[in-house]
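Participant: All chains, please: the whole structure from these sequences, using the hints.
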Amino acid sequence: MRLQNWKTTSVSLLPLVISSLFSSYGFFVNGMPPRSMFNRLAGSSNYLTTDELWFSQNLDHFSPYDHRQFQQRYYEFLENFRIPDGPIFLNICGEGPCNGIQNDYLSILSKKFGAAVVSLEHRYYGKSSPFKSLTTENLKYLSSKQALFDLAESLNKKLNRTNVENPWFFFGVSYSGALSAWFRLKFPHLTCGSLASSAVVLAVYDFPEFDQQIGVSAGPECKAALQEVTRLVEERLAKEGKSVKALFGAAELEIDGDFFYFLADAAVIGFQYGNPDTVCSPLVEAKKNGEDLVGAFAKYVKEYYIGSFGTNVRTYDQRYHLDLCRNVFGEGIYPEVDVTNLYYGGTKIGVPSYIITCHNCGHGTDLRGCPQSPLSLEGNAEKCSSPDAVKKVRQQIIENIDLWLSQCHDAEKNYIYYLLNGCFKVNP
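The sequence shown begins at 219 in the working numbering and counts up by one.
Simulated from the structure, these hints should not be mistaken for laboratory data.
Here the structure is a predicted model, which means the values were calculated and not measured.
Any given hint could turn out to be false.
Stated by the list, open to error - Simulated crosslink set (DSSO-like; lysine-lysine; CA at most 30 Å straight-line):
| no. | residue 1 | residue 2 |
| --- | --- | --- |
| 1 | K441 | K505 |
| 2 | K441 | K457 |
| 3 | K441 | K517 |
| 4 | K566 | K363 |
| 5 | K460 | K404 |
| 6 | K358 | K375 |
| 7 | K375 | K363 |
| 8 | K329 | K609 |
| 9 | K404 | K363 |
| 10 | K404 | K329 |
| 11 | K404 | K330 |
| 12 | K441 | K404 |
| 13 | K441 | K520 |
| 14 | K505 | K517 |
| 15 | K610 | K329 |
| 16 | K505 | K520 |
| 17 | K404 | K566 |
| 18 | K506 | K457 |
| 19 | K506 | K441 |
| 20 | K517 | K457 |
| 21 | K330 | K506 |
| 22 | K520 | K457 |
| 23 | K609 | K566 |
| 24 | K358 | K566 |
| 25 | K350 | K363 |
| 26 | K460 | K506 |
Facilitator: Right, here's the structure in full:
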């Protein structure tokens, strides 16, 4: 049984510039790890379904004259669906390929509530790109507003098989978590609520707090080793630049700033999206034994960062992106983070009811206590440094989903808002 005849009325979003900066500790400079890594870290082989479905999506939801469409990929998992009036959980895919519906915490919620699970691939990613050529002109339809309307259109155009108005609940993590929260804000009449895990709802121009937390999470020994290897690389780079870059498999990075940003990505990926011991253990061990720290770090970068994830050698720092904006769009075109926060509300999203949690497994400050990807919804409590706290938060989430689904047809809707570095709060 299939949710048929999907189509979308999209919401265009203002572009977000939410960069993670690694300036305070060791190699940390401006930027974020490439999304291709996130997908590999999220357990790509563990899916509830990988059966692709397609529907025709509007290219531009804001033009009455442009009727072009493109094919957008989505997935359905109906094994737990309670016919005819079960809820539908829509898991939003973010800024990367969506290769199926993952078998994570959402599958547990699906069983609990008898819910169908649907997952929609974000426009321009994976197989859902409207254009073969990503020119500047073609990319103008890539925005959070358009993506929100994609979600709204997909919901509106579904075929209701049972002539029952099934309640919808939205889920997302990180950027897709922000989309989940913003969808609840912009389309409260279409959802019963949303779970927005580690939602990056606040657009920021600079974000040193991320670096500071990495330094805390690394611990004294690892932090000291990272700082020392930074100094050593800087010294060797000044004397033998090409050979040092070649040692790290990054000979093509001619600009030193790009090279250091590449190393910053490599250092942080172990903390936020994998296992921190992969970077800390070899460095701390080499430092204790008086071995070559630069060689130990280079081995980690080539084997773990490049070898495991197939990372391309490229730069993602803030200066790079600002220069790119100028080169492509002209002088004076820069991210308007204040406008974005005004449009979406920043950390003060005006929705009747919401939950804000903090320190959950894989998110916020628990970076060393969770050897897993934070893109796996809610992570695995058993691997967390405080599993009981995670279980308590999950129970509160379940209780509120249960309450709000039961109230879904009431005038006042509710939503769950799960914000990075927030604290658990229910606003009834």
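Participant: Look at each hint and say if it fits the structure.
Facilitator: For each hint, the structure was consulted:
no.: 1; hint: K441 to K505; in the structure: holds (12 Å)
no.: 2; hint: K441 to K457; in the structure: holds (25 Å)
no.: 3; hint: K441 to K517; in the structure: holds (18 Å)
no.: 4; hint: K566 to K363; in the structure: holds (18 Å)
no.: 5; hint: K460 to K404; in the structure: violated (51 Å)
no.: 6; hint: K358 to K375; in the structure: holds (25 Å)
no.: 7; hint: K375 to K363; in the structure: holds (18 Å)
no.: 8; hint: K329 to K609; in the structure: holds (17 Å)
no.: 9; hint: K404 to K363; in the structure: holds (10 Å)
no.: 10; hint: K404 to K329; in the structure: holds (28 Å)
no.: 11; hint: K404 to K330; in the structure: holds (28 Å)
no.: 12; hint: K441 to K404; in the structure: violated (42 Å)
no.: 13; hint: K441 to K520; in the structure: holds (20 Å)
no.: 14; hint: K505 to K517; in the structure: holds (14 Å)
no.: 15; hint: K610 to K329; in the structure: holds (19 Å)
no.: 16; hint: K505 to K520; in the structure: holds (19 Å)
no.: 17; hint: K404 to K566; in the structure: holds (14 Å)
no.: 18; hint: K506 to K457; in the structure: holds (26 Å)
no.: 19; hint: K506 to K441; in the structure: holds (14 Å)
no.: 20; hint: K517 to K457; in the structure: holds (21 Å)
no.: 21; hint: K330 to K506; in the structure: violated (50 Å)
no.: 22; hint: K520 to K457; in the structure: holds (22 Å)
no.: 23; hint: K609 to K566; in the structure: holds (26 Å)
no.: 24; hint: K358 to K566; in the structure: holds (28 Å)
no.: 25; hint: K350 to K363; in the structure: holds (22 Å)
no.: 26; hint: K460 to K506; in the structure: holds (28 Å)
Hints 5, 12, 21, counting from the list given before, are not met by this structure.
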